[in-house]
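**Student:** Let the sequences and hints guide you as you build the complete structure.
Quick note, the sequences are listed as chains G and L, same order.
Here full-length UniProt numbering is used: the first residue of the first sequence is 1, the next is one more, and so on.
Here full-length UniProt numbering is used: the first residue of the second sequence is 1, the next is one more, and so on.
Read the hints as simulated data drawn from the structure, not as lab findings.
Think of the CB as a built atom: it goes at the ideal place given N, C-alpha and C, for glycine as much as any other residue.
Hints may contain errors.
So, partial list: chain G residues that the calculated Cβ filter (under 7 Å) puts toward chain L [to be verified]:
(1) Leu681
(2) Lys707
(3) Glu714
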Amino acid sequence: MSGAKKRNFQIEAFKHRVVVDPKYAEKTWKILEDAIHEIYNHNASGLSFEELYRNAYNMVLHKFGEKLYSGLVSTMTSHLKKIAKSIEAAQGAMFLEELNRNWTEHNKALQMIRDILMYMDRTFIPSTHKTPVHELGLNLWRDNIIHSSKIQTRLQDTLLELVQCERTGDVINRGLTRNITKMLMDLGPSVYQENFEKPFLDVSADFYRVESQQFIEHCDCGDYLKKAEKRLNEEIERVSHYLDARSEAKITSVVEKEMIESHMHRLVHMENSGLVSMIMDEKFEDLGRMYNLLLRVPNGLTIIKEVMTSHIRETGKDLVTDPERLKDPVNFVQELLDKKDRLDKIINLAFNNDKNFQNALNSSFEYFINLNPRSPEFISLFVDDKLRNGLKKDKEEDIETVLDKVMMLFRYLQEKDVFEKYYKQHLAKRLLSGKTSSDDAERSLIVKLKTECGYQFTSKLEGMFTDMKTSQDTMHGFYDAMGAEIADCPTLSVQVLTTGSWPTQSSSTCNLPPEILGVCDKFKTYYLGTHTGRRLTWQTNMGTAVLGATFGNVQKELGVSTYQMCILMLFNHSDRLSYKEIEQATEIPPSDLKRCLQSLACVKGKNVLRKDPMSKDIAEDDAFYFNDKFTTKLYRVKIGTVVAQKESEPEKQETRQRVEEDRKPQIEAAIVRIMKSRRVLDHNNIVTEVTKQLQSRFLPNPVVIKKRIESLIEREFLERDKTDRKLYRYLA
Amino acid sequence: MNKLGRGQRDKVQQLISITGASEKVAIQALKSSDWQLEGAFDIFYSQPQIKSFADTRHLEELYNRYKDPYADMIMADGITILCSDLQVDPQDIVMLVVSWHMKAATMCEFSKQEFVGGLQSLGIDSLEKLRERIPFMRSELKDEQKFREIYNFAFGWAKEKGQKSLALDTAIGMWQLLFAERQWPLVDHWCQFLQARHNKAISRDTWSQLLEFARTVDPTLSNYDPEGAWPYLIDEFVDYLTENGIFEKGKLSEWSYKH
Chain G
1 MSGAKKRNFQ IEAFKHRVVV DPKYAEKTWK ILEDAIHEIY NHNASGLSFE
51 ELYRNAYNMV LHKFGEKLYS GLVSTMTSHL KKIAKSIEAA QGAMFLEELN
101 RNWTEHNKAL QMIRDILMYM DRTFIPSTHK TPVHELGLNL WRDNIIHSSK
151 IQTRLQDTLL ELVQCERTGD VINRGLTRNI TKMLMDLGPS VYQENFEKPF
201 LDVSADFYRV ESQQFIEHCD CGDYLKKAEK RLNEEIERVS HYLDARSEAK
251 ITSVVEKEMI ESHMHRLVHM ENSGLVSMIM DEKFEDLGRM YNLLLRVPNG
301 LTIIKEVMTS HIRETGKDLV TDPERLKDPV NFVQELLDKK DRLDKIINLA
351 FNNDKNFQNA LNSSFEYFIN LNPRSPEFIS LFVDDKLRNG LKKDKEEDIE
401 TVLDKVMMLF RYLQEKDVFE KYYKQHLAKR LLSGKTSSDD AERSLIVKLK
451 TECGYQFTSK LEGMFTDMKT SQDTMHGFYD AMGAEIADCP TLSVQVLTTG
501 SWPTQSSSTC NLPPEILGVC DKFKTYYLGT HTGRRLTWQT NMGTAVLGAT
551 FGNVQKELGV STYQMCILML FNHSDRLSYK EIEQATEIPP SDLKRCLQSL
601 ACVKGKNVLR KDPMSKDIAE DDAFYFNDKF TTKLYRVKIG TVVAQKESEP
651 EKQETRQRVE EDRKPQIEAA IVRIMKSRRV LDHNNIVTEV TKQLQSRFLP
701 NPVVIKKRIE SLIEREFLER DKTDRKLYRY LA
Chain L
1 MNKLGRGQRD KVQQLISITG ASEKVAIQAL KSSDWQLEGA FDIFYSQPQI
51 KSFADTRHLE ELYNRYKDPY ADMIMADGIT ILCSDLQVDP QDIVMLVVSW
101 HMKAATMCEF SKQEFVGGLQ SLGIDSLEKL RERIPFMRSE LKDEQKFREI
151 YNFAFGWAKE KGQKSLALDT AIGMWQLLFA ERQWPLVDHW CQFLQARHNK
201 AISRDTWSQL LEFARTVDPT LSNYDPEGAW PYLIDEFVDY LTENGIFEKG
251 KLSEWSYKH
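**Tutor:** Right, here's the structure in full:
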């Protein structure tokens, strides 16, 4: 110690007594070795933790860590070998019990040993990169017990046998099994996988392959699916009870593959019990099950969707091309609505409202509804029937719901402009004959159409309603102004129709009876007085009249059309008239005239005229008499009604032609619009764009588009490009 | 002229005498054509109007010879005389070429401006010169570009004044004439098709597109493209041909008159 001014205190490390005893390590190790033996022999209670710890500590400190470690390894190993023997010796069910018991004890021992050797665990082992004590213990167990040749296979087989038993309905010791599998997991996921999981999956695959083959031969689709579902649930339960959670996804995918994926085509297509039968019989539960099971496998839902789609298309096609069903349009549409309802319900209840299925349904309906070119007409007739007659009292739905459903069908139509034409015709008839059961319902439908198709679609329809209202006001004004003058004349009710809004009718000749003519002329004068510059034409083919008639001495009222009125009034002046005379006097066109005469003379219960001869057909030299012997229970008899009917063939052709004519300017307008904004465009793109623009109304025919383009070229709206003949140019 | 060789000088003289061009222009033309007389003609005639005033009087006389007694136009009769003077059949297609050069508005008549101005622009001031030019004009039909111009010109020329479309009979006649010059195997089928199915006038677009069709689509229709934006009449023609079994494995079968 040097004598410096400042004295620094130096604290020296406490030095242990240097051990020079060469046998020190041996002796210390012996102590520890014995301790380990005791621990394994369940005699740990007599040991002093502190002493053992100190011994271990000292060994490490004096650089005998290596000896300690290797000693530990060999001691543990020899114990484990003994344990292995005892496990191997176990018989039958005791095998797993022994294994489990020894495992539990080994863990306890290991913990104690680890505690004792803690110092080594924390210092020597990390610095020498050796396996820590606990892990070492597990590895040794693995190597000596699990991988022991006599145990490894037996363990695997035993476990698999247990599973098999349970699958065939026996009860097993789940708790024990759980412990074993947990042991394997503790030893490391790869141990679990190699020794149990992988063989388990393989064996399960085989099992289910065989079982599913049996089922499929003997069960129908519904039953099979029930069985498959049951097995699936069982496996999930199995995992939760005694397997590692991560096995769930793997085993379920095995079941899915073997039971579902391998057989799904056969199941879905199964005759009399597959998807199609389930749909037709509305087996919601079975369908739901099928959906949920096939959801799990790739392309499972695709198959369901495809089969469902082709079924809908086929049955739909049958529906719309069946001549029997087409005889009654209203029923036909009702069937379409019912079909849609049924399918909606299935998708809703069984298919989880899956959007893909909704879309498939929609596209299928769109496909087959448009196969029948009369669909637009029939849907309009259906609507006409509902708006005219209201709904049957026993139906739960209200008119709004029905109209909404009809709108769904309307959306499927490709030729919406055809629907528009018919709807207009039918609406006109309803309005003019005053046959609407609910004004609100009418307007509601117009609003729905407007929302769907835009203002253009419905502006004329609304015009028709306006005309009706305005006419009412006009009549009030007329009677207010002229009331006194026309008090003796027949009561007149006039609807003034704006030409553009109402369906075009060709006006025909008809001579009104003088009694009527007078008041009609007065109306005309009155109207034109307040509305100069307008032209009025009587539409005699659309009007109605109520006549008072006396048969014998019984008073009756007859509701007739204007034509019929003209004919009947003639009989005020003669009892007998020939066809020719009637024709001359009324100047009604022959085809209409014949139809009217038939309705007046040839229909039982409405024969206010008598015809000679009594045949059904009207011939040129027939004679007609007023039938004063006519009787009926009713006071007012309706003879002429202007009901909307399915069109006859020639009428249908005419309507179709008019629709085609109407389409031409629309196509041209679309072409001009497009070319104006694009300036230059090639042919195919024009066709695509035009189709896109018009698709909300109808599907334009590419040939027609081409013709319109040529017409526009000729009228110098467009020209062909000089170098590329497929290109068109807009001429400003 | 001094710098030219004897042969070249000869050619220049020839060119001048035939075309009536100035020396300078003649030399220019010959130089550009590498001293080939044929080529020089071509070059010369494809040049814009070359007026030479001395010739106007000549042309006026010529005009008066053919002019109609009652109108200031050359009408059908006058044209007949002109044709006989030229030793050319009035139906000869070369008359169409002449009309084209003259930018005549309508067939069977020439206005004074068209006649005189047209001949002037061609550098022709006499009947002989016109007669001499006829073979050359015939050869112009062989030129692809010129044929197209003449073909398209024919539409406006052949149709009635004030009409937008060409009457079917006239169109058929014109087609027969034109496609005799430029072989198109389907011309007869085309005309038959029109008479059987169409029976209406022909639009300008259809007219001009038909030439393109004849030029680009081969007679067996092997390269016909339905998406090719052809006028619908041509599409219908193709349908007509297929319907009537004209085509069997890419070969034109015999046309049996059975439609």
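**Student:** Against the earlier hints, flag every one the structure doesn't satisfy and list their numbers going up.
**Tutor:** 1
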